[in-house]
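Respectively, the protein sequence lines represent chains A and B.
Under numbering that gives the first Met the number 0, read the first sequence as residues 0 to 457, first letter to last.
Under numbering that gives the first Met the number 0, read the second sequence as residues 0 to 457, first letter to last.
I should point out that these hints are in silico values taken from the structure, not numbers from a laboratory.
Hints are not guaranteed to be accurate.
Each pair may be met inside one copy or between any two copies, as identical chains are not told apart.
Stated by the list, open to error - Think about it this way: if two alpha-carbon atoms lie no more than 30 Å apart in a straight line, the pair counts; the simulated DSS-like pairs of lysine-lysine are:
| id | residue 1 | residue 2 |
| --- | --- | --- |
| 1 | 454 | 396 |
| 2 | 397 | 454 |
| 3 | 105 | 396 |
| 4 | 105 | 153 |
All values reported here derive from a predicted model rather than from experimental measurement.
Now for the letters of each chain:
Protein chains: 2
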Amino acid sequence: MKLKREAPEMTERKLNPFRDPLSNGRDDPENALIESIVHFDNQEVCLRGWVQNLRSSGKVAFLQLRDGTGVIQCVASPKDVGEEVFSKIRGLSLETSVVLRGLVKKDDRSKIGFELVLSQLEVLHSTVDYPIGKKEHGVAFLMQHRHLWLRSSKQVALMRLRAELIKAIRDYFDSKAFRLVDSPILTPNACEGTSTLFETPYFDSVAYLTQSGQLYAEASALACGKVYCFGPTFRAEKSKTRRHLAEFWMVEPEVAFMDLQGDMDLAEDFIESIVQRCVQNCPHELATLERSVSALEKIKKPFPRIRYEEAIEILIKKKFPVKFGDDFGGDEETAISEEFDRPVIIHRYPKSIKAFYMREDPEDDRLALCMDVIAPEGVGEIIGGSERESDLSVLEKKIQEHNLSKDAFEWYLDLRRFGSVPHSGFGLGLERTLGWIAGVPHVRECVPFPRMMDKIWP
Amino acid sequence: MKLKREAPEMTERKLNPFRDPLSNGRDDPENALIESIVHFDNQEVCLRGWVQNLRSSGKVAFLQLRDGTGVIQCVASPKDVGEEVFSKIRGLSLETSVVLRGLVKKDDRSKIGFELVLSQLEVLHSTVDYPIGKKEHGVAFLMQHRHLWLRSSKQVALMRLRAELIKAIRDYFDSKAFRLVDSPILTPNACEGTSTLFETPYFDSVAYLTQSGQLYAEASALACGKVYCFGPTFRAEKSKTRRHLAEFWMVEPEVAFMDLQGDMDLAEDFIESIVQRCVQNCPHELATLERSVSALEKIKKPFPRIRYEEAIEILIKKKFPVKFGDDFGGDEETAISEEFDRPVIIHRYPKSIKAFYMREDPEDDRLALCMDVIAPEGVGEIIGGSERESDLSVLEKKIQEHNLSKDAFEWYLDLRRFGSVPHSGFGLGLERTLGWIAGVPHVRECVPFPRMMDKIWP
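So here's chain A without its partners, still in its complex pose (with noise of 0.2 Å):
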């Protein structure tokens, strides 16, 4: 059905550069959101954005409008705008930003369902020279501009896709009775070794960056019970690789009276709720990202759950030359992880290459109560857990074997002075879970500013 429409008494209606910002893009069609379109079918609305691209015969003009939540094709001819707008439209460039107003139709060719009709269309700011244009650019080139970069549609559904992760992680926890408590960024101590360490003079003294909020973490449970932390933490790591940057997101949780099996039950459910969330919500996003939907509807529970012993024999069988007591590199995760359609847990490492804090196996004195979760596809690893150490004549001692500073673990240690109870956590890299969730190899991408070792720009 064609709709009769009144372009001359539209044309006169003055467009509003500013939007309601209370509005949620849903309600109100003078303040749509492209994500949002499906709710004006057949309706006149005003958009505001840039545009993404144009073409364009003699008689109509199909531009690509991004808002920033999403691309809607707009089409313009003569008839509806006007001969004069219509030859202005011919003429915008690439990032042009405009307010425009249109009629929302159905239109089954297009991605999200509808086009706009366009009736008006005024430019706010014209673009010249866009860097970024339809050719391919390199790495180098789209990194130094990042701020550019983002806005490509690729860019917009990873970043859309990383808001609704954080925003499962943080409703995972929330809805099964877990507290926010954040860990500080900066600590007064260099727990373990320095060499990865960031370091900035405070005051009269000295802090470093924190690597993880896990000690602290572990005082907020003895206080909250169960709690999570979820901020960035850095790494100095003087490596380039595509699963490492200096400064990332991650999430903790951390719960009193829970020993490593809950530790296990509960990352396994965690990444379970996290992925089949993002699969719910973010259609669009993925299929943007060309992600295979199948391959993350397959990450239900239960998961595989091997001891490290076992992953040796697997490594063995496939030729890799390691014995008890090595750890694991990318390459052993990779291989471990062929074996396996979803998520495999890893658990009781040797204690030799773990962290003081582990709790030693009761049942063989070589091992700690400690698992890692190795992703598939050959992301590798992307939580590590352990229960941790309860004793207090157990901690000061291995902190002692592990050369560590006891005066710098005075308090930590009177968690187990005061009150003390097992309790285990673990804590999930945010950038890695993400490229694994979107199918983006590269960490990089993953974060809105990556900071990594020749990255500090923009």
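With chain A fixed as given, assemble chain B onto it according to the hints.
Just chain B now, kept in the frame of chain A:
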């Protein structure tokens, strides 16, 4: 009605020190949490926690159990638990960790409406000489024991209120189609002078800890439309005040196509929403903090909006020696806020005392299109925001006038070169806002592990 209870049978059941981490504390009596005890009226539950207080006579002992989500009175008598256990209970020391079982019973004298009739108790770890006793301690002592002080009822209430406030903030923006886009912590440039910046060696160069995510949020807004960032920010403030921390969390919405008017509308609606949500969801926490809820219930739109020049008039009437061009300190903010029973928005300050990126008022070139929100009750500024300068040449001129390095801002200037749009935003300091809502005068209690000039431990 007195229930007939089968104590002998119950005491034979083993107590499990481990909780199911997937339980929300409401559905399963074996994994009950005190915050949800109402769901277990007249049922037997298993609780895990710490002894917060104990008093006893010959025939009955009253144990206050805290589990991090609340405190419940547990009543023990020899006939219910046996003479041996009863005698053990009477000897329990503060902060001893225990697992126990008992019957949940309505009790009108209880703050939470219920008490527990104990049937079993096992000690996990007996605490000797807990440093924080019932007597009054000085703040310096408590701050030095922050990792333990966090366990006290008031501090737990504050941390729970903090978690709810953070959730309220995130849910508010998410519900209005904002996307979370994290700004980086490590930044390459000292944007507004280096005097209050923390600096760190960054591989072969140097980096600074961010004082605000705004500039990056502007880039994100031009990519994603409506965004917010929410993370830790840093100020090396060389002053000791009750309003300042060296490390604090800030939420910063930034909206493309929004002017100062929209910015004020957003700030007002946002503050009303987060305050009312805390009132709604945290009655127990506010009661523990002895906070007047009626003062908070008044925080409803519309907020008074006055121009800077009107604020000057108020101050002159109150005998402050101020004139046009002066900035306001804490005393001035308090004096202005005393005139109102809800937050007051002061807008259009002289541009000479405001940041380079703020847009000049086209109607009065002495002024900037900016606003601060001053909370009542002497709390002071909780929000600062503005419309941003979107014209390239004006911004270039301002960078020069402020003696800033143009090179450092090349990427930021790109946002005005390519698809510039009017845009605005603000920043809200989390800890100061929490202090206001909680009625806690010093921000040091509003963060789990405060960092101040003289405070980096624990």
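Verification of the hints:
no. : hint      : in the structure
1   : 454 - 396 : between (40 Å within a copy, 29 Å between copies)
2   : 397 - 454 : between (37 Å within a copy, 28 Å between copies)
3   : 105 - 396 : neither (70 Å within a copy, 47 Å between copies)
4   : 105 - 153 : within (24 Å within a copy, 57 Å between copies)
Hint check: a violation occurs at hint 3 only; the rest are consistent with the structure.
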